[in-house]
Each structure stands twice: as C-alpha cells, then as structure tokens.
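So the chains spell out like this:
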Amino acid sequence: MVSLDDDLRARLQQDPQAIVNLIVRTQQNRDQDLESLRARGLTIRHTYSLISAIAIQGPASAALALTREPWILSIEEDQTVRAV
Amino acid sequence: MPDPTKIHPNLAERLQVRGFGPAQPLRVIVRYKAGARAVATMVEGITETYHTYRLISASAHSVEVSAIGALSDREDVEQIWLDEPVHTMLDASVPLLGVPQVWEAGFTGKGITVAVIDTGVDLDHPDFAGRVAQSKDFTGEGYFDGSGHGTHVASTIGGTGAADNGKFRGVAPECTLLAAKVLRGDGSGNMSDVMAGVEWAVQQRAQVLNLSLGGGGASDGTDALSTTCDAAVARGVVMCIAAGNSGPGASTVGSPGAAKRVITIGATSKADAIANFSSRGPTKDGRVKPDLCFPGVGIIAARAKGTSMGSPQGDFYTSASGTSMATPHAAGACALLLQAKPGLSPDQIKDILMGTAKDLSFEPNAQGKGRADIFAAYTHAAGEAPAPTPPPQQPPAQGQGCAATIGSLVQMISKLAGGR
Chain A
1 MVSLDDDLRA
11 RLQQDPQAIV
21 NLIVRTQQNR
31 DQDLESLRAR
41 GLTIRHTYSL
51 ISAIAIQGPA
61 SAALALTREP
71 WILSIEEDQT
81 VRAV
Chain B
1 MPDPTKIHPN
11 LAERLQVRGF
21 GPAQPLRVIV
31 RYKAGARAVA
41 TMVEGITETY
51 HTYRLISASA
61 HSVEVSAIGA
71 LSDREDVEQI
81 WLDEPVHTML
91 DASVPLLGVP
101 QVWEAGFTGK
111 GITVAVIDTG
121 VDLDHPDFAG
131 RVAQSKDFTG
141 EGYFDGSGHG
151 THVASTIGGT
161 GAADNGKFRG
171 VAPECTLLAA
181 KVLRGDGSGN
191 MSDVMAGVEW
201 AVQQRAQVLN
211 LSLGGGGASD
221 GTDALSTTCD
231 AAVARGVVMC
241 IAAGNSGPGA
251 STVGSPGAAK
261 RVITIGATSK
271 ADAIANFSSR
281 GPTKDGRVKP
291 DLCFPGVGII
301 AARAKGTSMG
311 SPQGDFYTSA
321 SGTSMATPHA
331 AGACALLLQA
341 KPGLSPDQIK
351 DILMGTAKDL
361 SFEPNAQGKG
371 RADIFAAYTH
381 AAGEAPAPTP
391 PPQQPPAQGQ
401 GCAATIGSLV
411 QMISKLAGGR
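Protein sequence lines, in the order shown, are assigned to chains A and B.
Note that my numbering gives residue 30 to position 30 of the first sequence, counting from 1, and the numbers run on in steps of one.
Note that my numbering gives residue 310 to position 310 of the second sequence, counting from 1, and the numbers run on in steps of one.
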C-alpha cells in the first residue's frame, strides 16, 4: 500500500495534466524501477543513496498511477523550502 | 514650523540619507521638557506607542515622517531621537558563547570540514579566501550567491574576519568549508535539491552540515528531507538545522528541523531572551524541539558582493536575524569539538551541547535545553572538570548589544532603577 497524503492525492486528481515535482520513496532504487518511471513519462531529477528515494517530475496522472506499484512505499510533494 | 534644533542628529541624518516619503513609518524616542507629561500620542501621525519611560520623561513611538515636524513644534517636546536598532555582532556573540577560550586552548576548527547547504558562498569574500574547498550548484541557477544568505551563514561558521581586521571572526575560523547551493537567489528551493546537496556533502566527507532552511508547517520528522538528515547522522555526520522563523506559536518546527537525530537550533538575543520569531515545538508527533539555542538576532557577518540581504554595514558585512543566523554558531561549535575530540559521534556532540547549555528558564519547547555554552561543552568534551562560564571578553561597544532597540534598553534601565 503506497502512502499518499489525502490532500496531495486530491490535488493530483484535480488537474491530471499538471506537471508536478514529487519525491518517491522506494524499497530500493533498482535500475528497472527507474526505467519504469521513465516509461510512464516521468523525468528522474535525482536518485539518492542516503535513503531509497527518487525525485521525479511529470504529469500528475502518471504520478497517481504509481500508487499501484508494489515497489513504491510512499509519494510526497517535493516541497518548497526557504532560507530562514 | 518644525524646530530642527529638537531633531537629534541621528534622526536628521537618517531622514536625509534615506529620502523617506511622508507616510513612511519610523521609530523614534520623544523626550519631554521637565514637568511635561508624555503627550506625543496626541499628535497626528503617531501610529503606535511602544513604551513610556519614567527614568527620563520620554516615550517611544512609530510615527509617520510627516509628523516629526509637528512633534518638534510642540512646546513640551525637548528632543526627538531616532530609535536606532542595535546589533549583536559576531564579535559579541562569539565571546558570549565562550569561543575565544576554546581558541586559546588551540582549537579553531582546523582540519574539520563543514558544509554550508544554502544559497552558495561568495568565494571571493576576503573572509573565506582559499578556504571553500569545493562548491556545487543544485538549483540550475549556476554557482554564485545571489542572495547573500549562505555567505552570511558561512561567515558565522568559519569566516576569518579578514575584511575588518578579524573583528567579525566566525566560531571556527580555520575550518574547511564546502558550499552546496540548494536555494536560489530568492532564498527558496526544493526539498529534492536540498537532499541532493546533503548527499553530495556527505560524499565529500564533510563532518558537519549546516542547514539554515526549512519548509512551512509542522512536521513529524518522517518526510524525505528529515529522513535524509537522520540518515546522514547515522553515517557519522553532525547535522545542525534551523528550527525556523515561524514563532512564537506552538508546533511551528517544520522539516528538516523536526528530524529526530539532528541538532535543531532556536534563536536567542544577546540578552538571552528567546527570539519572538524562533519556531517552537513540539513537533507534529509531540517531541520537544528545538534542542537548544544560539544567538540569532541582529548578527553582523559577511555580506556577499552585490547583495543587500539584511541591513548592510559597509561593503563586506551585513546584519541579519533568524534561526538561520543561530544555526551556524552551532555548526562552528561542532567543528571545535570535533577537532578537540575527533572520535566524538554526532549523538555525543548533541548530548554534550545540550547537557552544558545554560538553562534560561523558558519552556522546553522554546529554548530546548537553553542557550549553548561552547566553552563549557569543550571543557566537558575534553574530559576536564566543568569550569564556570567565563564572562565575555569585552563589553558591547556602542552600536552593539541586545536584540532590542534603544527604546527597550531605556525601558530596561528604567525597570532596573525601579521605574514603571
């Protein structure tokens, strides 16, 4: 079961064509997982090694479809951070 | 008719230099003639009254510039001063924390690498000459500090103060710096880029990371950025993170300040009051944050070329406030401790800093364990008997001081004298 905040899900559903930036937490970052993301029309912005995660950009509809992938643990918004 | 003899030169100079419009608000202190009562509130254009003093017959206000003439024209008004901001310079905050005593013991951060995860660092600033070992842009904007924020932060960690004869020296002036630019010139960025910058710094073998940044809204510390920061701690890296500037309301610590294993820093004034803006705990899942506080009000540190962040104090320095300014004091402190005791783990350093902090008797979710005492932390880390905190080396000079305006200082003096 992919963890996805209700508010984020609603926003993705509201505008399926919108280009969104997300961070996907995975069980492990395998090459085949990256290929799977690209095949859905998503761009890989970063892959990480400190934690198993991938930063992606692409249509909200493609991101929503990821909720059915068993290798994905969670999807969260790539939030804005600011100098404080 | 306005009476210019009643307008103090500091106010006259400000009015001339800044070219204020008539409705521009300005903070002033009005002194009254003997026997007169504080009547400034009766003048049109006084928008706010902050204090009324008894030790001297005076009151502090916000006024529209157009009202200053009418004020000066009143018979009962003797003098109108500009209510000048006063600052905590690095040459005040650093001694307050007991840092010079650690330098005297031979520890200046030499051999320790500290990464600044921020807007970049001005590589040409005299205070960093040749000491930023590596820099990298993660924003796509290109490497330069278009904001000035990262340069100010880096200066507090490890600036030499070379541009002003060592006056504004950072906490660890001989550490090696890395600069990951993860925030654009407007001071904003994406979590994903910050995570990439953290990974890069860990790969470059940075021992301490400074993140003077954060997201909005309370966090439970399980988001991707907070998790990345905790993972860096698990790799042996000390993570110093700003609590945020969303105080004084409760539960205002966002990501990554809410991460469990990082050191989350709140801000105090030089007078050891908690800054109003400093974010408060608890975290969304009920943990106490911040962990402890460092000075973060009116800190004068390096100014990046071509930027105007804060209140510039000449070409090379600027004054700024925020938990951003408090956090690099912590990162510098960690560099000193690591040089003194290279085997310390991030958890040990966090425990030492928290355990030796001066309890300011504020709520734990405001102060954490209190305001850091770096000399006490060093003494503890070195395994020596705890020593009493030495006093600051020098009293604040004119223009320095606490996180207040002259107006509130006068109020404080009045209170001490039994006034009010």
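Warning: the hint list may mix true and false statements.
To be verified - Restricting the straight-line Cα-Cα distance to at most 25 Å, the calculated cross-link-like pairs of lysine to aspartate or glutamate (DMTMM-like) are:
no.	chain 1	residue 1	chain 2	residue 2
1	B	Lys-284	A	Glu-77
2	B	Lys-284	A	Asp-15
3	B	Lys-260	A	Glu-35
4	B	Lys-341	B	Asp-230
5	B	Lys-284	A	Glu-35
6	B	Lys-260	A	Glu-69
7	B	Lys-260	A	Glu-77
8	B	Lys-284	A	Asp-7
Since the hints were derived computationally from the structure, they do not count as laboratory data.
In this text the structure is predicted, and so the values were computed from the model without any measurement.
(message) Need the list of violated hint numbers for this structure, in ascending order.
(response) 2, 3, 5, 6
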